[in-house]
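Residue numbers (the numbering used here), protein chains in the order written: chain Z, 2 to 281; chain H, 2 to 281; chain P, 2 to 281; chain Y, 2 to 281; chain X, 2 to 281; chain D, 2 to 281.
A hint or two may mislead.
All copies of an identical chain are treated as equivalent in the list; a pair is satisfied when it fits inside any one copy or across any two copies.
Think about it this way: if two alpha-carbon atoms lie no more than 25 Å apart in a straight line, the pair counts; the simulated SDA-like pairs of lysine to any residue are [what the hints assert, rightly or not]: (1) Lys166 / Arg192; (2) Lys44 / Gly256; (3) Lys38 / Glu88; (4) Lys80 / Thr132; (5) Lys35 / Gly256; (6) Lys40 / Lys232; (7) Lys123 / Arg186; (8) Lys123 / Pro251; (9) Lys225 / Gly63; (10) Lys166 / Tyr13; (11) Lys44 / Gly242; (12) Lys40 / Pro270; (13) Lys44 / Ser268; (14) Lys225 / Ile6; (15) Lys225 / Asn68; (16) Lys35 / Asp273; (17) Lys40 / Asp175; (18) Lys40 / Arg121; (19) Lys40 / Arg99; (20) Lys208 / Val236.
Honestly, the hints are just simulated from the structure, not real lab data.
This structure is a prediction, so every number in the text was calculated from the model and none was measured.
Protein chains: 6
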Amino acid sequence: MFCPIDRDELLYLTLQEDIGLGDKTTNAVVPPDKRCKVKLIAKAEGIISGIEVFRRLYEINGAEIENWESVTDGTHIRKGQIIASFEGNARAVLSAERVSLNFLKHLSGVATLTHKFVSRVKDLPVRICHTRKTMPLLRAMEIDAVVHGGGHRHRFNLSDGILIKENHLEIAGDIALAIRNIRERISHLERIEVEVTNLDQVKQSLKAGADAILLDNMELEDIKAAVKIAKGYPVLLEASGNINLERVRPVAETGVHIISVGAITHSVPALDISLLIERI
Amino acid sequence: MFCPIDRDELLYLTLQEDIGLGDKTTNAVVPPDKRCKVKLIAKAEGIISGIEVFRRLYEINGAEIENWESVTDGTHIRKGQIIASFEGNARAVLSAERVSLNFLKHLSGVATLTHKFVSRVKDLPVRICHTRKTMPLLRAMEIDAVVHGGGHRHRFNLSDGILIKENHLEIAGDIALAIRNIRERISHLERIEVEVTNLDQVKQSLKAGADAILLDNMELEDIKAAVKIAKGYPVLLEASGNINLERVRPVAETGVHIISVGAITHSVPALDISLLIERI
Amino acid sequence: MFCPIDRDELLYLTLQEDIGLGDKTTNAVVPPDKRCKVKLIAKAEGIISGIEVFRRLYEINGAEIENWESVTDGTHIRKGQIIASFEGNARAVLSAERVSLNFLKHLSGVATLTHKFVSRVKDLPVRICHTRKTMPLLRAMEIDAVVHGGGHRHRFNLSDGILIKENHLEIAGDIALAIRNIRERISHLERIEVEVTNLDQVKQSLKAGADAILLDNMELEDIKAAVKIAKGYPVLLEASGNINLERVRPVAETGVHIISVGAITHSVPALDISLLIERI
Amino acid sequence: MFCPIDRDELLYLTLQEDIGLGDKTTNAVVPPDKRCKVKLIAKAEGIISGIEVFRRLYEINGAEIENWESVTDGTHIRKGQIIASFEGNARAVLSAERVSLNFLKHLSGVATLTHKFVSRVKDLPVRICHTRKTMPLLRAMEIDAVVHGGGHRHRFNLSDGILIKENHLEIAGDIALAIRNIRERISHLERIEVEVTNLDQVKQSLKAGADAILLDNMELEDIKAAVKIAKGYPVLLEASGNINLERVRPVAETGVHIISVGAITHSVPALDISLLIERI
Amino acid sequence: MFCPIDRDELLYLTLQEDIGLGDKTTNAVVPPDKRCKVKLIAKAEGIISGIEVFRRLYEINGAEIENWESVTDGTHIRKGQIIASFEGNARAVLSAERVSLNFLKHLSGVATLTHKFVSRVKDLPVRICHTRKTMPLLRAMEIDAVVHGGGHRHRFNLSDGILIKENHLEIAGDIALAIRNIRERISHLERIEVEVTNLDQVKQSLKAGADAILLDNMELEDIKAAVKIAKGYPVLLEASGNINLERVRPVAETGVHIISVGAITHSVPALDISLLIERI
Amino acid sequence: MFCPIDRDELLYLTLQEDIGLGDKTTNAVVPPDKRCKVKLIAKAEGIISGIEVFRRLYEINGAEIENWESVTDGTHIRKGQIIASFEGNARAVLSAERVSLNFLKHLSGVATLTHKFVSRVKDLPVRICHTRKTMPLLRAMEIDAVVHGGGHRHRFNLSDGILIKENHLEIAGDIALAIRNIRERISHLERIEVEVTNLDQVKQSLKAGADAILLDNMELEDIKAAVKIAKGYPVLLEASGNINLERVRPVAETGVHIISVGAITHSVPALDISLLIERI
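Only chain Z is shown next, with the shape it has when bound in the complex (with noise of 0.2 Å):
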């Protein structure tokens, strides 16, 4: 998938922020051959997402791998399990350990709490859905553990899919005309979807064509309310705002087909996971 930067420019922008001038204490301390063996520990219990970002910033760092063992993206892995183990260059690994954690922690947190939004409603037709609350320059990174984690994908972006929302709206006033210039513009593969609040602009949406239908922030009664008053059209149903673990399951139930959530990338916990440097 897509970043404005390569993935790996990304990478190694990342290892420069952290390293600087150098890494003056391995540098100092550590020979410019010495190899080492390393063990990737889990602390908790989770799903691992970015274990090939993790690998591959070791690779820019120069760290010339061997005997690279690991699980997947999407694993399940309990505490205290081994998630990869793998030999390289002592320097390369050292300076680049901290920028690895970093990248793995996150993503395998955003994968986790995924699963956990995910697991709730499993037994039901509903998709859970990321949102643009991403972090900066790692939306393709977070999406792809969106994805490990069971989840499904949205738009990418502004450009990936036209939504009109209630501040569009605003400025462009009526949703019928508004769905009306955009099909003028805008090439026959694409569908439209638009935010309400309301029951009402439910109503307009579906009479002006809307493919699909964002509902912010409803009460539980009136998102049924909207599911039934779109029964029949050839309209997709999606609920958003303030889904946390206990409202997912109730929400999933009114029978809407998504529910985007945007916790499971804005307020992710890492996931604990550490590493064991041994020397050969």
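Since the structure of chain Z is provided, determine the placement of chains H, P, Y, X and D on it from the hints.
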């Protein structure tokens, strides 16, 4: 402070990440020269950080801001308070809204969480410091947020201070030898800190002339003992490892000079803030 | 719209390509602060596109433009007409002249050729669309030129719409299976188009729920048959392949919704335009 | 030869332009490790140019090419001939197909058109040269294509040779003065050419010691007269302006040394070439 | 003139090299909005070059310069003279001071040393030229400094002129063959120079039609003989190799047209200049 | 060590600076696959530095080096000695020759000059250090060259150590206040040095708790007095300002710990080295 890419470049890339081929919705429904009023509202209590980044994103996106008013970074805001208000080009405002909130909500989350730790020990002679467990490319901003929340600076990165860690000693072996090698290679303006996990290493470090000692993941009793052992030496003591809001005060009361906390940057709940747009 | 490099960066690089070590002739014979008058004159009839790019090149090159007057993109101009006039720094004007004309003449060539196709079918309910057969890095500008000439947008690139082509089916095998796999992976905001070369594939695509069907290089009789078969389905029909000025109208008369034409971007005669400089 | 961005960087950016957020269709229907056979087939007669660029695009896109066979640049191919064949990763092949053809078809178009001009005068002692009327950032490739078609090099850009044009003289005034000023400032390794539009300017240029004279848009009779006037001077004569396939031979027969032709780069029909993929 | 990176980009990177994570001293002791007066004072006699670069560094660093006064490049200054004075933001001035002096002292060193060579031969019809023995990325600035010191331009780089050197002939073999091959490939606007080490090669070069001959490291007697041999040919003679302040005049008196001197760019004592800051 | 651009990127840009549109001479006279033998020969005695940079330039330029043999950085070589020998592609060797020598001769010049200073004081307990008076973007390489010549490291740049200079005090006023403000803002791993010009300031600095004192441009007698005053304080003394080969020993004999010398990087005669190419 420093970032391996320009701050403006980072903001620009993040806008590109979200705008991609163009904000198709906004471009279709909002006239190019339309302007709008914006209000930024706190949905929860906290400390604001990142207000300049927030503003800069709109400038970079071409919003031609007027009538800007805002609180400054470090301000304690209450739920419902208006954080900022301004007028700008409606297209530029709408297409930068999400990214601007992503930055502001995260950085204010860091400041708010830091402030909670600082509040617990504000009557004690101890510094709450950040670690290097930061989000990719956001370290400079996050450290500023830590300062806005009342915290203090630690080394920025691996070239901004010498810290001999456990993994270094696994390779380098002897603390005394490591310190000697480092002194040879560095300028006379740098101090040397050693990470230790037991009292024996504390003694070795003191004997070898360490300028600072990081007590990693040690029990309260051991920390107290270390403080006692170090009395009289020209050395600073830092505690780190699993510091949470419950544990920070007892650790501070042992008499260490510095407590560094990973959670204030690696597991941060976003501060709830929203943007209201009105037509002009 | 999008380009993997900034539009300004592209223009700057193109200026660099032509200026290299510096415009040795101009620097030697024109005083640094000398200003001049410029007239841009059509040597042939056509549709103008790229006038903003034209102007921007002089700004980037430091021409400090004054008294700018010009037609807007999309204007139909006659031979001999003045397209634009302005004053600027003589050195900057002279060293950007060639590059500015290279852009303007090509983009106006695209608009002019598109307009010829559109004119043939303007009374019919059909869209003339571009393809992806565009000049490197000029796609966004060329698509704008197609719109200036009266054409419509198709997907911008491989991530801006799903189109299952013959070469995909050679690998993927079954149309129905391909559509099912894609629906699983994409967001609910995207439609799926299938490229077919015979009526049997048209039927398979309809049955598999394709949202659009591209009839590639098919005979007029087959296109008519396809239109008949698809009647009643919620599907859009697109014709493509060897569409020229003679063939566009009969194809349009079959009742397809979209005709896409490669030649309007891949085989474009430059519109003849020249620049006249006068000393002030 | 030179480009202000690396050739590989240009190819990479062009792939990015077409791939954007990722080739959604291919990624969904083609397994990651699937390989395929590719045949590149001429649909029309012409001269091939750009075969190395074509190949390089697949390498940059990760196709891991094997069993590559192809003609070389400059080869005259007939309709139906196989230009190249190879095997590669199916995803990488499919997502680079369009861009690779866009380059190859355009550059082969340049070579083919150049060859038509060269063929008309191949028995005469005259060079067919390119101008600076080239596509943005493609100048180096297009000039190579001109050479593949039998043409010759002119100055690459504004720093690669001195050419005093009509617009320079409008500012600089006197030909003799302009030549004198330039000689002062340039190294002893450069020659000076003057663009003229009448016989009087030819005489002035000869008197002022011009090393070459460009006869711009002059009538055949005047070109003949200029050749006569210049006899005996150590000077090269170049004709340019509205040179087409009909006019190139009579102009060459006047005895000028060089004929430069804008159309071979600014108004180029793409050579018809297509790509056939087979599963392995 | 040209540099593979923008001049501003080069200056910016050089400031980054010196500022790194930020000017910690200045940021701690100087208030953000404090302004100061600056005086730039010559501690030795010489020729100034680089004053615009000096100024531009402060602008790039955000100094918001006011009341700028300075001599121009090429000015002969005496010890103790004020070269420039201005006011600016104190933080920006202090953090750019070192870099600005590094540029100015070196470039003025180049101009001053060039001037010494030029002064020795100013009554003779000979040009003192630079070589390609320049500091990385500073060639354009250093050549300007050579011109400020009274010297002249040679080819800027390997594409800005043809010079067949000894090492080329070791591979290419024959001078006549090399010249013939080159003429075939280059445009009609370029001359060809040959580097020779003996009189026999001088004769070969003349016979093969060389436009210029570089007499490399030859004895005075041989240079004189070469001048004699070349009499009557349309050829320029250049002497180079171990030219110092003692040897430059006798070499010039042989009658060569050009003397190129490596030392004026590769072994340059910095001109002693210092910066005085006063509080306002 | 650090550079704001990658070392490889710097080398690549420098090659581009010299190669520009292409090495026209080499490309015309040397076949593409021709290989050659290269010998690098010292024309003067000195210390080599930059041999890895020298080699890397050929690799970046595509020379495909074989049979590489060379001395290591820091080697003392005598006139006439072979420094390195290798085989490589002849075109790549010829077009990188000049740039590779420009780097090697300058860096070896730095090492050689440093070595002269170090030799004068090698029996005394004092470090010879570099300053920040370095060539643009070459600081990391030049500091390495200083170390190869026997010198030691000082702070790399403005963020790599605190040094309160005269110009800071002009703005900040009081030494004690400045030190106090800085301590507040920096991490506990940094020391503070103060630049002074008289004994009174030495006393103020000691009293204010400075960790190091730079005695700038002070007379020998004053330096001796300062050493006496500082006795017993935990402080390092550094002397700087107009240190030349005559003055370095008496200054060292005063008992200062560090002497920093600008001339070893700002006024460096290139070491005379040349490259001999033989055909294979």
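Quick rundown of the hints versus the structure:
| no. | hint | in the structure |
| --- | --- | --- |
| 1 | Lys166 / Arg192 | both (15 Å within a copy, 21 Å between copies) |
| 2 | Lys44 / Gly256 | neither (38 Å within a copy, 29 Å between copies) |
| 3 | Lys38 / Glu88 | within (4 Å within a copy, 38 Å between copies) |
| 4 | Lys80 / Thr132 | between (29 Å within a copy, 24 Å between copies) |
| 5 | Lys35 / Gly256 | neither (60 Å within a copy, 39 Å between copies) |
| 6 | Lys40 / Lys232 | neither (54 Å within a copy, 37 Å between copies) |
| 7 | Lys123 / Arg186 | between (38 Å within a copy, 18 Å between copies) |
| 8 | Lys123 / Pro251 | within (13 Å within a copy, 43 Å between copies) |
| 9 | Lys225 / Gly63 | neither (56 Å within a copy, 41 Å between copies) |
| 10 | Lys166 / Tyr13 | between (36 Å within a copy, 23 Å between copies) |
| 11 | Lys44 / Gly242 | between (32 Å within a copy, 13 Å between copies) |
| 12 | Lys40 / Pro270 | within (22 Å within a copy, 30 Å between copies) |
| 13 | Lys44 / Ser268 | both (20 Å within a copy, 15 Å between copies) |
| 14 | Lys225 / Ile6 | neither (43 Å within a copy, 46 Å between copies) |
| 15 | Lys225 / Asn68 | neither (55 Å within a copy, 43 Å between copies) |
| 16 | Lys35 / Asp273 | neither (28 Å within a copy, 37 Å between copies) |
| 17 | Lys40 / Asp175 | between (59 Å within a copy, 22 Å between copies) |
| 18 | Lys40 / Arg121 | neither (33 Å within a copy, 36 Å between copies) |
| 19 | Lys40 / Arg99 | within (14 Å within a copy, 39 Å between copies) |
| 20 | Lys208 / Val236 | both (11 Å within a copy, 20 Å between copies) |
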